[in-house]
Amino acid sequence: MSEKTMIEAIRECLTQEMQVDNRVVVIGEDVGVLGGVFRATDGLQAKFGKERVVDMPLAEGVIVGSGIGLAISGLRPVIELQFLGFGHQAFHQIGQQVARLRYRSQGRHSLPLVIRSPFGGGVRTPELHSDAFEAFYTHTPGLKVVAPATAYDAKGLLAEAMASDDPVLFLEPLKGYRLTKDEVPDERYRVPLGKLRVAQVGTDVTLIAWSAAVNVAQRAADELAAQGISVEVLDLRSLNPLDIPGIKESVSKTGRVAILQEAPLTGGFGSELVATIQQECFYDLQCPMIRISAPDTPYPLGGVEDLYIPDVDRIVAEVGALARTSA
Amino acid sequence: MSISRFLPDFAPIAPFSRLSESGILDSGSAPMSDAAVLEALRYMVLTRVFDDKATSLQRQGRFGTFSSVRGQEASVVGAATALDPKKDWIVPQYREFPALIRHGYPMENFALYFMGNPKGGTIPPDVNMLPMQISLAAQIPQATGLAWGLKMQGSDGVVITFFGDGASSEGDFHESLNLAGITKAPVIFFLQNNGWAISTPRESQTAARSFAERAIGYGVEGVIVDGNDLLAVHEVTTRAVAKARAGEGPTLIESVTYRTGAHNTADDPSRYIDQQELEKWQQKDPVLRIENYLRSKGIWNEQLAKEMHDSCAEQVDVAMNIARNTPLATSDAIFDHVYAEPPQRMLDQQADWAKRNGGAV
Numbered sequence: 001m002s003e004k005t006m007i008e009a010i011r012e013c014l015t016q017e018m019q020v021d022n023r024v025v026v027i028g029e030d031v032g033v034l035g036g037v038f039r040a041t042d043g044l045q046a047k048f049g050k051e052r053v054v055d056m057p058l059a060e061g062v063i064v065g066s067g068i069g070l071a072i073s074g075l076r077p078v079i080e081l082q083f084l085g086f087g088h089q090a091f092h093q094i095g096q097q098v099a100r101l102r103y104r105s106q107g108r109h110s111l112p113l114v115i116r117s118p119f120g121g122g123v124r125t126p127e128l129h130s131d132a133f134e135a136f137y138t139h140t141p142g143l144k145v146v147a148p149a150t151a152y153d154a155k156g157l158l159a160e161a162m163a164s165d166d167p168v169l170f171l172e173p174l175k176g177y178r179l180t181k182d183e184v185p186d187e188r189y190r191v192p193l194g195k196l197r198v199a200q201v202g203t204d205v206t207l208i209a210w211s212a213a214v215n216v217a218q219r220a221a222d223e224l225a226a227q228g229i230s231v232e233v234l235d236l237r238s239l240n241p242l243d244i245p246g247i248k249e250s251v252s253k254t255g256r257v258a259i260l261q262e263a264p265l266t267g268g269f270g271s272e273l274v275a276t277i278q279q280e281c282f283y284d285l286q287c288p289m290i291r292i293s294a295p296d297t298p299y300p301l302g303g304v305e306d307l308y309i310p311d312v313d314r315i316v317a318e319v320g321a322l323a324r325t326s327a
Numbered sequence: 001m002s003i004s005r006f007l008p009d010f011a012p013i014a015p016f017s018r019l020s021e022s023g024i025l026d027s028g029s030a031p032m033s034d035a036a037v038l039e040a041l042r043y044m045v046l047t048r049v050f051d052d053k054a055t056s057l058q059r060q061g062r063f064g065t066f067s068s069v070r071g072q073e074a075s076v077v078g079a080a081t082a083l084d085p086k087k088d089w090i091v092p093q094y095r096e097f098p099a100l101i102r103h104g105y106p107m108e109n110f111a112l113y114f115m116g117n118p119k120g121g122t123i124p125p126d127v128n129m130l131p132m133q134i135s136l137a138a139q140i141p142q143a144t145g146l147a148w149g150l151k152m153q154g155s156d157g158v159v160i161t162f163f164g165d166g167a168s169s170e171g172d173f174h175e176s177l178n179l180a181g182i183t184k185a186p187v188i189f190f191l192q193n194n195g196w197a198i199s200t201p202r203e204s205q206t207a208a209r210s211f212a213e214r215a216i217g218y219g220v221e222g223v224i225v226d227g228n229d230l231l232a233v234h235e236v237t238t239r240a241v242a243k244a245r246a247g248e249g250p251t252l253i254e255s256v257t258y259r260t261g262a263h264n265t266a267d268d269p270s271r272y273i274d275q276q277e278l279e280k281w282q283q284k285d286p287v288l289r290i291e292n293y294l295r296s297k298g299i300w301n302e303q304l305a306k307e308m309h310d311s312c313a314e315q316v317d318v319a320m321n322i323a324r325n326t327p328l329a330t331s332d333a334i335f336d337h338v339y340a341e342p343p344q345r346m347l348d349q350q351a352d353w354a355k356r357n358g359g360a361v
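As given, the protein sequences belong to chains A and B, one line each in that order. The opening residue of the first sequence carries number 1 in this note's numbering; numbering runs sequentially from there. The opening residue of the second sequence carries number 1 in this note's numbering; numbering runs sequentially from there.
Excised from the complex, chain A in its bound form (with noise of 0.2 Å):
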């Protein structure tokens, strides 16, 4: 056990997992010679060959697509989108395809295959490569959805998607690569998907966040505890399947909800949660429910993305007043 930066663990749970099972494959952009943009594959060429970690054209459609032949194949793909906002130079392959294939094929073809894919923002990247557009996925039956926020969790619940014979949609916060660090174990382990995480404890206002907001939201939750408001961080850790039990166990202790996201307000993911939640927990709520979010616009070049993005003081601001609110 040591600590390790959530890339470390990432490249340790793919090492591990390629060196057990000869059928795990690496493809997409840059992910040899180079290891990947954020180095997420660095080594795994030089120790597992070119045949099985695959520097692909710059083809998204078909860096997907031809995962989908290669996990029917035999193989259990994990392919690299570079950054989710090119994911929709592959989303017909993705949304049609990759979610439906075993229902198409009425359970003939199940499709053992991860997309990592590193999203959001906060790094001031060039244009379209930042947005939180996991709503897209959410809303594609057929496709599991995961979004860690601590190191451990991101190699333990990789190993689960990659173990999954569902496909998984990996979605990695880019902000988080290097800046998050926690204890991860040097053996291999899984974290099962579908199991929330309780960040933080608290008893005032349940506080729901998801990959790199995880760790905002702690930040903010310390601010609050200093003005005397307990607020409990639940970390999603997946979005498909949700921890629906998990999120009525804390709403029913506080009462309040908020719920942070990095994407545009309109239609995301804690529209989901608002809905759920005021259907699973409506005689539980002592007030309405707020959503910490971006507003409904692109996300912006980077000069301008720290006030696009929901920060500490917003979220003081926000969930403060929701404490405050009388029942």
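Any given hint might turn out to be false.
[Claimed, not checked] Subject to a maximum C-alpha distance of 25 Å in a straight line, what follows is the list of computed SDA-like cross-link-like pairs (lysine to any residue):
1) B:K355 with A:T276
2) A:K248 with A:T325
3) B:K184 with A:N22
4) A:K195 with A:A163
5) B:K280 with B:E203
6) A:K248 with B:P342
7) B:K355 with A:P245
8) A:K47 with B:K184
9) B:K86 with B:P124
10) B:K243 with A:G74
11) A:K50 with B:E248
12) B:K184 with A:D55
13) B:K119 with A:T140
14) B:K87 with A:G74
15) A:K195 with B:D336
16) A:K253 with B:Q344
17) B:K184 with A:E51
18) A:K195 with B:L347
19) A:K47 with B:I182
20) A:K195 with B:Q344
21) B:K87 with A:N22
22) A:K248 with B:A351
23) B:K284 with B:K306
24) B:K119 with A:R108
25) B:K184 with A:L58
26) B:K119 with B:R324
27) A:K248 with A:T140
28) A:K248 with B:D348
29) B:K87 with A:R23
The hints are simulated quantities; they were obtained by calculation from the structure and are not laboratory data. For clarity, every value in this text was computed on a predicted model and none was experimentally measured.
Since the structure of chain A is provided, determine the placement of chain B on it from the hints.
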């Protein structure tokens, strides 16, 4: 130093053919035995019988919207008969009925699928095919990856994928040829140029004189063949299969044929098709052509034709009856097989739906 220029060539190309339009073989030896030709002809007749039956049922509201193979029977069957169903894979579009049946897909499943029953999508475990593809060209990257994966695992199976002139305008086609060229995947891209993408003529898909020569841009071999000539299609596909099996990479085959039927049962070709052109192609009918060939060899007559037709009609009736007598799917058909490990939320929905619809919980 002069500028390196690569200019398109617009001189006409003659597609490879073996049979004249009246069914006379050229001076070379036949690429198929008489028995193989008769077997292929039976698949062609079976297709025509099925298409007629399904169209008639569709008009009575007993069959869904579907696309007949009419005019393209030699193209599909000539390609399919070059495959070994035990190890080769078909990644189809939706107009390849005889290829799928020959490969082992149950005809009643094909019928059920077009009657709207999800169970029709069931592919038996020993049948090497992907589901029919409706989102055109999306199957081409999948075929490429499948072939590449088979090669990586040391299998000598090859993959054939079917699509049309229209689908070749999609990015998936170009991305796939490019990847197949790089990986030398054992895949055959079988492009049926049937003249039409619903109502859009071939000329609106590309300025190039052929689809086959697009392969060159990807470092891949292209071939152009008379798609109404069973022997020629079989010969070029057999060659491409052998080449792929030997590890020598992919081939793009352009099979020049003509859709003499409608795009599908909801289509009205009289709004856009040139009647004279249609009649010209009807005279090149692929079934008549191969029948004439067999007749010229003295092994075909009206009696044999009737026997073949009747036996095909019987086979189609059996399949259609199984499909028609299959109980309507319950609401479970909406949920089953979506996931290997379904999320609880979907399972709760499945139970709700079953309760509401009287299905099994």
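When the structure is checked against the list of hints, which entries are broken? Sort them ascending.
Nothing - there is no hint that the structure violates, so all of them hold.
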